[in-house]
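Asks: The listed protein sequences correspond, in order, to chains A and B.
Quick note on numbering: this note's numbering labels position 233 of the first sequence as 220, and the sequence is numbered without any gaps.
So this note's numbering is basically just the index in the second sequence, starting at one, shifted up by 85.
Check before you lean on any hint, since a few could be wrong.
Result set (DSS-like, lysine-lysine): computed pairs, CA atoms no more than 30 angstroms apart in a straight line [unchecked claim]:
hint, chain 1, residue 1, chain 2, residue 2
1, B, K117, A, K268
2, A, K259, B, K202
3, A, K180, A, K50
4, A, K50, A, K(-6)
5, B, K225, A, K180
6, A, K50, A, K76
7, A, K268, B, K127
8, A, K147, B, K141
9, A, K76, A, K235
10, A, K81, A, K235
11, A, K160, A, K145
12, B, K141, A, K153
13, B, K127, B, K141
14, A, K157, A, K55
15, A, K104, A, K239
16, B, K141, A, K239
17, A, K141, B, K141
18, A, K76, A, K58
19, A, K259, B, K225
20, A, K180, B, K141
21, A, K268, B, K91
22, A, K160, B, K225
23, A, K157, B, K225
24, A, K268, A, K145
25, B, K141, A, K268
26, A, K239, A, K76
27, A, K33, B, K127
28, A, K33, A, K50
29, B, K141, A, K160
30, B, K202, B, K141
31, B, K141, A, K157
32, A, K38, A, K180
33, B, K225, A, K147
Treat the hints as calculated values from the structure; they're not laboratory data.
Note that the coordinates shown come from a computational prediction; the quantities given were computed from them, not determined experimentally.
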Amino acid sequence: MIEALRKKAEELLRSKTVDVVYGYGEGSVPERTRPVFITKPEDVNKLTWNKYCVYNLTTYLKKQEARKLGKPAIVVKGCDAKTITVLIKESQIKREDIYIIGVTCTGIGEPPATKCKACDVNTPLIYDELIGEKIENKEFSFDERYAELDEYEKLSEKEKWDFWQKQFAKCIKCYACSSICPLCFCDRCIVDKNQPQWIDPSAHPRGNLSWNVTRAYHLAGRCINCEECQRVCPADIPLNLLNKKLAKETEKNFKYRSGYNVDDELAMATYKEDDSEDIFK
Amino acid sequence: MSDETKFEPRIVAFLCNWCTYAGADLAGTGRKQYQANVRVIKLPCTGGIDPLFLIKAFERGADGILVSGCHPGDCHYNSGNYHARRRWNVFRPLLEFCGINPERIQFSWISAAEGGKWVETINGVVDSVRALGPFEGYHKINAIGPDASSEKS
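If we strip away everything but chain A, and leave its shape as in the complex, we get (with noise of 0.2 angstroms):
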């Protein structure tokens, strides 16, 4: 599979298809890896594949650095390759700009990732080419998509404000939950607006609140489930328990899975006339 991947690699900079290429490289230690921009052909034995390719390099299509580089091949995951299409729906990216590799997935991380128990895109649903062998994507249910969050929602209502009270504050501001995230695209993100200042910059409980919250809010209707902001955020923090919940809501609500179809209208950007009345007197 890394010699399909390195050849890919090495066509597409030959025939400059590509100006770089987006992947994994080898770590400090064997179960880490590094995410690496190759731009000579020459180079692409440091490319890899294995369980610890954990990161999502979309996160650099928003980067200027790796911009700067030129037209990029990617390699992605499934779950990796779900950001592809939000981007694309929400303009960021043409889909012509970029070269999709995608590798077939059984699980990343040692013990595997929360996001992997249930996925159902162990071969890319969007790709140029695909690297390895493809596997049957499996469906869940709804109620198996997000049974994790079960324990919680079951919680009572003074439960469930200590137990995120003691969460949120533990967050020291750092903001790398937004810095990793692929979709959290803008220039100016809210927290830096002081005119007015409409999130406490200092890491006290009531702006740790508003930020987090705000930043989930966000991402409602668009977050793909890759679990980087939780993986890391220094304060372990569950943070995609929020990401999860609001994915739950949009699909019961809107019957709109993110990053699944590119085809589908975003769906806090679009309404329809008969969506839900409950909460409204």
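Use these hints to put chain B onto chain A, whose structure you have.
Replies: Using the frame of chain A, we list chain B on its own:
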């Protein structure tokens, strides 16, 4: 004496300019009485209400919030309230998931002709929030101080 210490909820109402604000105005010109706990903020359209407005209201000490605009199909800008409806349909469950009682954030459609419905709705909101009591959790995290949030009540 006891009246002075009685809890009076602070309600912030975000109303659209074209329907609910006019409806509230009608209640006033019709000399209808309703509870004076509400602070009205007039905005052009419910579609322009950022969820951050709601969070900000809680940060500044609100005990309950009402968002109200034109009935579906009546929006002055054609579709603003439809977009708002989508937004609140996911935002409210998110706050609920974080442990905020959904009764503290209420939504309604009130037209410019429904002064009576405005009175009914706002009285309903005030009563239900009064029953819930002050939003102590949020008031506590608003307090400046190192351990304001971890303090056990």
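Asks: Does each hint fit the structure? Answer for all of them.
Replies: Verification of the supplied hints:
1. B/K117 x A/K268: Distance ~20 angstroms between B/K117 and A/K268 Cα, so the pair holds.
2. A/K259 x B/K202: Measuring from Cα to Cα gives roughly 26 angstroms; hence the hint holds.
3. A/K180 x A/K50: OK: A/K180 and A/K50 at ~20 angstroms, within 30 angstroms.
4. A/K50 x A/K(-6): 26 angstroms, holds
5. B/K225 x A/K180: This hinted pair holds, its Cα atoms lying about 25 angstroms apart.
6. A/K50 x A/K76: The given pair, whose Cα atoms are some 18 angstroms apart, holds under the 30 angstroms limit.
7. A/K268 x B/K127: 19 angstroms, holds
8. A/K147 x B/K141: 21 angstroms, holds
9. A/K76 x A/K235: 20 angstroms, holds
10. A/K81 x A/K235: Status holds; Cα separation ~28 angstroms.
11. A/K160 x A/K145: 25 angstroms, holds
12. B/K141 x A/K153: 21 angstroms, holds
13. B/K127 x B/K141: 15 angstroms, holds
14. A/K157 x A/K55: Violated: A/K157 and A/K55 sit about 36 angstroms apart, past 30 angstroms.
15. A/K104 x A/K239: Status holds; Cα separation ~21 angstroms.
16. B/K141 x A/K239: Distance ~28 angstroms between B/K141 and A/K239 Cα, so the pair holds.
17. A/K141 x B/K141: Satisfied, since the Cα-Cα distance of roughly 28 angstroms is no more than 30 angstroms.
18. A/K76 x A/K58: 19 angstroms, holds
19. A/K259 x B/K225: 39 angstroms, violated
20. A/K180 x B/K141: 14 angstroms, holds
21. A/K268 x B/K91: Holds, at about 28 angstroms.
22. A/K160 x B/K225: Holds, at roughly 20 angstroms.
23. A/K157 x B/K225: 17 angstroms, holds
24. A/K268 x A/K145: 26 angstroms, holds
25. B/K141 x A/K268: 23 angstroms, holds
26. A/K239 x A/K76: 21 angstroms, holds
27. A/K33 x B/K127: 59 angstroms, violated
28. A/K33 x A/K50: Given pair A/K33, A/K50 holds - Cα atoms ~22 angstroms apart, limit 30 angstroms.
29. B/K141 x A/K160: 18 angstroms, holds
30. B/K202 x B/K141: Within the cut-off at roughly 27 angstroms; holds.
31. B/K141 x A/K157: 21 angstroms, holds
32. A/K38 x A/K180: Not OK: A/K38 and A/K180 at ~39 angstroms, beyond 30 angstroms, violated.
33. B/K225 x A/K147: 16 angstroms, holds
Checked against the numbered hints above, the structure violates hints 14, 19, 27, 32; every other hint is satisfied.
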